[in-house]
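Below, each chain spelled out in residue letters.
Protein chains: 2
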Amino acid sequence: MSRIANKSFRAKIVDAETAASFIHHGDTIGMSGFTGSGYPKAVPGALAARIEAGHAAGDPFKVRVWSGASTGPELDGALAKADGIEFRMPYNSDPIARQKINAGEMDYFDMHLSQVAPMAWEGFLGPLDTAVIEISGITPEGDLIPSSSVGNNKTWLDIADKVILEVNAWQTPMLDGMHDIYYGTALPPNRVPIPLLKSDDRIGQPHFRVDPDKVVAVVETEAPDRNAPFSPPDATAEAIAGHILEFLKWEARRAGLPPSLLPLQSGVGNVPNAVMAGLIAAPFEQMTAFTEVIQDGMLDMIESGTLRMASATAFSLSPDRAAFFNDNAERYRDKLILRPQDISNNPELVRRLGCIAMNGLIEADIYGNVNSTHIMGSKIQNGIGGSGDFARNGYLSIFMTPSTAKGGAISAIVPQVSHVDHISQDVQVIVTEQGLADLRGLPPRKRADLIVENCAHPAYRPMLQDYRARAASASFGRHAPSIPGEALSWHQRFMDTGDMKA
Amino acid sequence: MSRIANKSFRAKIVDAETAASFIHHGDTIGMSGFTGSGYPKAVPGALAARIEAGHAAGDPFKVRVWSGASTGPELDGALAKADGIEFRMPYNSDPIARQKINAGEMDYFDMHLSQVAPMAWEGFLGPLDTAVIEISGITPEGDLIPSSSVGNNKTWLDIADKVILEVNAWQTPMLDGMHDIYYGTALPPNRVPIPLLKSDDRIGQPHFRVDPDKVVAVVETEAPDRNAPFSPPDATAEAIAGHILEFLKWEARRAGLPPSLLPLQSGVGNVPNAVMAGLIAAPFEQMTAFTEVIQDGMLDMIESGTLRMASATAFSLSPDRAAFFNDNAERYRDKLILRPQDISNNPELVRRLGCIAMNGLIEADIYGNVNSTHIMGSKIQNGIGGSGDFARNGYLSIFMTPSTAKGGAISAIVPQVSHVDHISQDVQVIVTEQGLADLRGLPPRKRADLIVENCAHPAYRPMLQDYRARAASASFGRHAPSIPGEALSWHQRFMDTGDMKA
Ligand SMILES: CC(C)(COP(=O)(O)OP(=O)(O)OC[C@H]1O[C@@H](n2cnc3c(N)ncnc32)[C@H](O)[C@@H]1OP(=O)(O)O)[C@@H](O)C(=O)NCCC(=O)NCCS
Ligand SMILES: CC(C)(COP(=O)(O)OP(=O)(O)OC[C@H]1O[C@@H](n2cnc3c(N)ncnc32)[C@H](O)[C@@H]1OP(=O)(O)O)[C@@H](O)C(=O)NCCC(=O)NCCS
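Residue numbers (our numbering), protein chains in the order written: chain A, 1 to 502; chain B, 1 to 502.
What the hints contain is simulated information worked out from the structure, not anything from laboratory work. There may be inaccurate statements among the hints.
Same chains, same names: a pair is fine if it fits in one copy or spans any two.
Unchecked claim - Dumping the calculated DSS-like pairs for lysine-lysine here, alpha-carbon to alpha-carbon at most 30 Å:
{"id": "1", "residue 1": "K501", "residue 2": "K198"}
{"id": "2", "residue 1": "K249", "residue 2": "K501"}
{"id": "3", "residue 1": "K7", "residue 2": "K81"}
{"id": "4", "residue 1": "K81", "residue 2": "K446"}
{"id": "5", "residue 1": "K162", "residue 2": "K446"}
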């Protein structure tokens with residue numbers, strides 16, 4: 001049975017090479033894809049081949065690539081390898097693209113994920129030539145059944161001049177009905193409240209609309225999503241998860257939170273996944289998630305009955321779990337909702353629902369500022385993603401990390417972060433395997449007491465205490481004592497010697 | 001005619017000393033006041049006297065002070081001078097308190113102003129013993145007519161154990177009806193959309209409720225608000241205002257914004273006031289403001305007919321303008337609305353309305369990060385205030401500053417800011433008298449090109465170019481090149497030599 005139930009779309013089926021021929025040097029392409037899910041699997045490769053051929057012939061060929069967030073190696077990896085990306089936004093985690101970005105060879109614009117669609121509509125980012133969108137089917141009426149991520153697809157379909165569709169038969173047909181595509185957004189002065197009150201409210205429709213006249217090509221694929229597998233939680237991850245669970249139990253009692261707690265948001269990565277695993281055993285029930293991505297840990301929570309439902313913009317399942325999900329999708333149909341990322345991450349909604357935000361970090365400083373993105377202040381790891389959307393607006397914002405990196409040569413707690421993504425106002429709790437610092441209501445020097453004492457690794461604690469003691473007299477002001485000439489010296493030392501320790 | 005139309009409240013009239021006797025060492029006091037408007041004028045002074053007497057007798061006496069934002073010298077100045085403040089939040093601009101904070105003698109918790117009320121309700125800040133609230137009258141029914149600022153008064157009245165009221169007969173009775181007190185807030189999981197669609201929507205009631213049993217004292221005063229006068233715009237302020245007006249005209253055309261533009265938010269200070277003055281001559285009509293405070297410039301815009309109405313949480317008028325307003329308040333009754341600060345600054349509303357946010361800064365770096373608060377990274381000037389509420393959520397976020405400070409010894413554009421309040425994602429435009437940098441959609445190195453070229457002072461431009469040139473090779477990554485060991489050396493040099501120049 002074809003996934004393309006509409007005749008006029010069937011008439012547009014071509015191979016990936018033909019589809020890619022609609023894309024030219026200098027174009028801006030809006031791709032589907034959010035983590036390794038729902039990105040186009042065929043056209044980007046064909047485009048990369050076109051680009052390589054162009055370069056071989058001495059012709060310039062680069063495109064600007066927009067997406068939901070990160071994608072898979074067949075997209076970012078292939079295009080970056082072909083030296084075909086001039087500009088990339090709003091998020092990247094592909095290693096080849098990362099290397100080009102950090103070599104200064106590729107421009108990258110790192111954005112709050114909730115703001116991509118509105119800023120595109122407002123024209124802040126320039127025009128969009130072509131949308132390349134993976135879907136899981138086309139209805140008889142010509143509507144599009146979304147795939148395993150929604151991301152910015154609605155917006156790309158609406159604002160692009162041309163549309164190329166990839167219909168991926170690997171995606172389970174059971175996805176149909178899991179999406180909630182909200183068509184009520186508008187630009188100021190015409191914006192209205194978003195009518196969502198609970199994680200499980202449905203406020204939109206299951207399918208994307210598209211102007212059929214804009215669709216220049218339809219490509220059929222049958223290719224799996226590609227997300228990295230999670231490593232089983234190690235002792236560090238388990239210690240972090242343990243501290244967070246103790247804290248959440250305590251906080252629920254203190255604040256009289258409901259037995260279902262408040263909607264969870266969980267960042268990507270092994271440690272957040274371990275926290276989800278830990279929550280299975282926690283004394284909460286009928287929890288919900290209002291989050292960016294659905295990871296393995298959340299499926300496990302649903303299986304165990306702890307989690308009633310999850311709202312997100314994408315799946316981000318390891319290969320095994322993705323296969324399991326495809327085989328058992330029926331079970332999850334009323335428990336998962338995928339929305340556009342300007343809704344899944346919307347500050348209005350995150351604040352209204354009171355999400356408990358739990359995200360990873362690269363480094364934090366003694367005053368509670370967090371760097372989520374730039375190693376040594378200059379080398380970008382991934383991007384801010386949705387962490388700012390959730391951290392500033394949630395009920396609670398928790399950031400977690402092992403207390404050291406690179407085998408102990410780097411302290412995750414430093415005198416001053418080398419780049420700031422989350423200001424101390426947006427960071428309520430910092431957790432490492434050493435312990436947890438609840439920073440709510442505390443002025444800078446008291447924040448520093450807790451962070452150094454509870455979170456820093458013992459190998460770095462005396463160095464931090466020494467810095468604080470000297471800053472107390474050498475500082476310009478003593479509100480948040482610092483020594484500018486020394487505050488980033490740990491980073492410089494690591495760059496010079498390979499170790500932050502003196 | 002008494003301002004206290006309710007008999008049982010009249011029975012509670014006492015002098016300020018008696019009222020202050022309800023306050024004890026260790027108490028937390030929720031004061032009214034937002035800029036030099038609507039703060040209690042009598043009880044804080046009586047409390048300061050009590051504290052001084054206590055200290056003279058060898059007794060410890062300190063209180064924790066919460067407010068809307070800054071207040072007047074009779075409150076923060078008097079209590080700080082008496083060494084009576086243990087902890088202050090969420091904002092301060094009093095010079096004596098600032099000095100104590102920066103001497104490390106007073107704890108200060110600098111908050112997003114929209115988050116104070118919700119965090120107080122959520123219990124993140126501890127319990128509130130006593131509210132001391134200036135009002136302009138009491139109705140026969142025992143409801144409270146707010147004064148010239150609303151701030152967090154609704155919340156303090158609701159959550160405090162005891163309430164002391166100051167009824168200030170200096171405030172014009174015409175204030176009655178100008179306020180819109182929204183009683184629809186709730187904590188998650190019970191929050192609902194805030195039903196405000198336009199700056200001039202009224203969603204609440206004109207008066208505060210109070211439980212009469214909590215009211216332990218009512219004090220009558222007749223004392224003026226106290227805000228600093230504005231200096232007339234100098235050439236620098238006029239140049240900045242000129243660049244912003246050109247840009248807004250251009251942006252309105254580019255984006256097809258309505259003739260009324262979008263709601264304005266304007267920070268406090270001389271330069272924002274000059275921008276308002278400039279807007280009088282701009283080709284916009286029937287504008288509105290959705291902002292934190294109403295300054296002189298906004299009254300002028302209303303007088304000129306350019307501004308149709310303004311929504312804020314407080315007046316912040318110079319003494320002359322405050323007197324003028326009191327004499328002519330009738331004219332403004334349908335043009336001004338004062339709301340609680342969790343509504344005036346609410347991210348949901350700022351985003352929905354698409355405010356144009358215009359705020360001052362201390363320093364910005366070449367990548368567009370902004371420091372609004374900490375001089376040399378450690379000495380706090382005022383606080384983040386509402387700048388984060390507006391900058392992250394508005395349609396556009398504009399930051400402005402003279403390109404140098406301290407007679408040229410300090411560059412407002414530096415290699416790396418010594419403290420971050422606004423990450424580059426939340427800063428779309430930077431303006432100095434030198435020019436304007438429109439940073440939308442630009443990756444870090446292109447942001448740096450524009451900021452150095454357009455905004456830096458010529459005396460510092462070559463130093464910035466030199467840093468950039470060396471960072472291009474010395475950096476760990478070249479996404480946003482930096483030299484950690486040198487990035488804050490300009491600040492250290494200023495601290496050591498009194499000049500950022502080498
Ligand atoms: C911060 C973040 C990178 C941590 O992810 P993680 O998977 O827990 O991180 P890891 O510990 O595996 O670290 C990733 C890399 O950064 C390195 N790293 C971590 N901390 C470091 C530090 N302080 N200094 C230098 N390098 C560091 C690690 O060594 C690792 O490097 P490698 O790939 O060379 O081994 C990740 O959470 C992120 O990208 N966050 C931003 C976006 C976000 O929060 N999204 C969710 C919002 S919805
Ligand atoms: C940033 C802010 C202080 C600028 O205010 P302003 O009135 O335009 O500033 P000024 O130029 O008068 O500077 C204030 C002081 O800081 C000093 N200063 C300014 N820039 C400086 C810099 N880069 N380094 C050191 N000192 C600096 C000035 O010299 C002046 O010092 P002085 O009082 O000793 O003379 C002010 O906008 C603020 O407090 N902002 C944060 C809160 C906010 O934005 N609120 C509005 C949101 S609704």
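Against the earlier hints, flag every one the structure doesn't satisfy and list their numbers going up. 1, 2, 3
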